[in-house]
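One line per chain: the protein sequences are A and B, in this order. Counting in numbering that gives the first Met the number 0, the final residue of the first sequence is number 142, and the numbers go up one at a time with none missing. Counting in numbering that gives the first Met the number 0, the final residue of the second sequence is number 115, and the numbers go up one at a time with none missing.
It is worth saying that the hints were derived from the structure and are not from the lab. Be careful, since some hints might not be right.
To be verified - Calculated from the model, a selection of chain A residues having no Cβ within reach of chain B, i.e. all distances over 12 Å:
no.	residue
1	E2
2	C29
3	V68
4	T71
5	T76
6	D119
7	E125
8	F138
9	N139
Claimed, not checked - Taking lysine to any residue and the SDA-like style, the derived pairs with C-alpha atoms no more than 20 Å apart in a straight line are:
no.	chain 1	residue 1	chain 2	residue 2
10	B	K81	A	I117
11	B	K72	A	I101
12	B	K95	A	V68
13	B	K41	A	I101
For every residue, glycine included, the Cβ atom is placed at its ideal position computed from N, Cα and C.
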Amino acid sequence: MAEKSMKLTFESKLDCLPLLGNAIKGICSCVIQDELLLSQLELCLVEVVSNVINHAYKKEAGHTIEVIVSLTQNHATFTVIDTGIKNPQIFKKELNTDPQDINGLPESGMGLPIIYQIMDEVVFREEQGKNFAILKKKFNKIS
Amino acid sequence: MEIETRKEGDIIIVKPLGKNIDSSNCTDFKGKVVDLINQGNKFFVLNLAAIDFIDSRGLGTVISILKNLASVKGILVLCELKPQIINLLNLTNMHKVFHIDKNESDAIQTLQHLKL
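With the rest of the complex left out, here is chain B (with noise of 0.2 Å):
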């Protein structure tokens, strides 16, 4: 799976740019997350504006990924979710789990405050 990074200061925004994260494509793209993460880099926003779809597998590997920046006590927001996917976190309760913005400004200053 494609995907667009870019950093403000030690912040690093991921943006998939597939439709979907599911389980074609989850094992990708968590290896591409993971080698960022082992880079050294600890703040992320993911920034799923693109992603239309995420099944069972692609919400696990998002949560395979928030675990792995607990890890080194990082931190990960998400921005930009569409209804279905906010409506997948809601059925798995993980709308309580993970730090969710509107949009990727907000998401960077929401991980500016959680840093401090």
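Pulled out of the complex, with its shape left as it was, chain A reads as follows (with noise of 0.2 Å):
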């Protein structure tokens, strides 16, 4: 199968992200019949796109972001842009969490974790005025 390419394009609100998911679940479900493995995918982009708004865009609503959906029959590529404000901080990819100390668990912050544990290759880079969050999977075609 050829690359197929779809983009979305919504407002910076929280509650387009459960919309967002069902859209990433539906696009996928073309090539991907792995339950779970949808749900992750899901998971991550609603991740990214959580982020974007909230800091990138410090949840305000107005600003546009665009996911733009790449399909092959075994690979994925998902590329979130937005305009907002880079975040600053050095992204961590590994979640450090004691089971045993109950206080010093996270209550945030497990959102980029999640994305470099599910997604093959994550790429954040800025061009132009633009931030790109690009995330790449593969998977097995079922036959």
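Both chains come to you apart, so use the hints to assemble them.
Here you go:
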């Protein structure tokens, strides 16, 4: 199957997140039958876009977010584009938790470690005033 | 977010009725549960049968509820988790933190044992 792409464009509002998640699952279900993988991809995209809304756009509505979904039979690429503030924090890849220390458990900051665990490749870059988050996942075609 | 509650003795069973616990509703959800804790409830079963999706902020909210309960020597047991929710807990190592049961009756039984 040749690569096929679709672009989703929506406003920076948190109540778009469930719609985005369902859209991602629906689009990817064209080539992915694994329900758990579909849920994981939904989770990753919601995490990225949630970060864009909360950090890049400071929870302000009225800004534009673009998500480009590109699919082949065994490869998915998601590109999230925003024009907000680039997150100045160093991106944490790993989640360090001590299950015995309840008070020390994280209540935030788990999104990026989750994304890095699920996705095969994660790239953040800035280009001409736009921020790009590019997530790639390989999967096997179930025939 | 709408929740359903019922009591069995001093155990309160809370069942969120929406499909998601995420950035869009986690604050509201936490507020409702904290109100129940502030009313003196300490032993909670959180039935997630209706929940198809939790993101990291939703999970952070459940962790916050756990911490709230721990501060009043309360206990939280989760039940009826769908596979994708269990997967989230595994990805974040939180499956080692929470008491998790298959169904409400098992969760209530677990709570009764933990209370002793």
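A quick look at each hint next to the structure:
1. Listed as outside the interface, E2 of chain A is consistent with that label: its C-beta sits roughly 27 Å from the nearest C-beta of chain B, beyond the 12 Å cut-off.
2. Even its closest Cβ contact with chain B, about 19 Å, leaves C29 of chain A beyond 12 Å, as expected for a residue assigned away from the interface.
3. Separation of V68 of chain A from chain B is adequate, the least Cβ-Cβ distance of about 18 Å exceeding the 12 Å criterion.
4. Every CB of chain B is more than 12 Å from the CB of T71 of chain A (nearest about 24 Å), matching its label as outside the interface.
5. The Cβ of T76 of chain A lies farther than 12 Å from every Cβ of chain B, with a closest approach of about 21 Å, so its non-interface assignment holds.
6. Every CB of chain B lies more than 12 Å from the CB of D119 of chain A, the least distance being 15 Å, so the non-interface label holds.
7. The Cβ of E125 of chain A lies farther than 12 Å from every Cβ of chain B, with a closest approach of about 23 Å, so its non-interface assignment holds.
8. The non-interface label for F138 of chain A is consistent with chain B: the shortest C-beta to C-beta separation is roughly 15 Å, beyond 12 Å.
9. Non-interface call for N139 of chain A relative to chain B: holds, since the shortest CB-CB distance, roughly 18 Å, exceeds 12 Å.
10. About 18 Å separates the Cα atoms of K81 of chain B and I117 of chain A, which keeps this hinted pair within 20 Å; it holds.
11. The straight-line distance between the Cα atoms of K72 of chain B and I101 of chain A is roughly 12 Å, inside the 20 Å bound, and the hint therefore holds.
12. Under the criterion of a C-alpha separation no larger than 20 Å, the hint pairing K95 of chain B with V68 of chain A is inconsistent with the structure, at around 34 Å.
13. A threshold of 20 Å between alpha carbons decides the hint, and for K41 of chain B with I101 of chain A the separation of about 16 Å falls inside it, so the pair holds.
Checked against the numbered hints given earlier, the structure breaks only hint 12 and satisfies all the rest.
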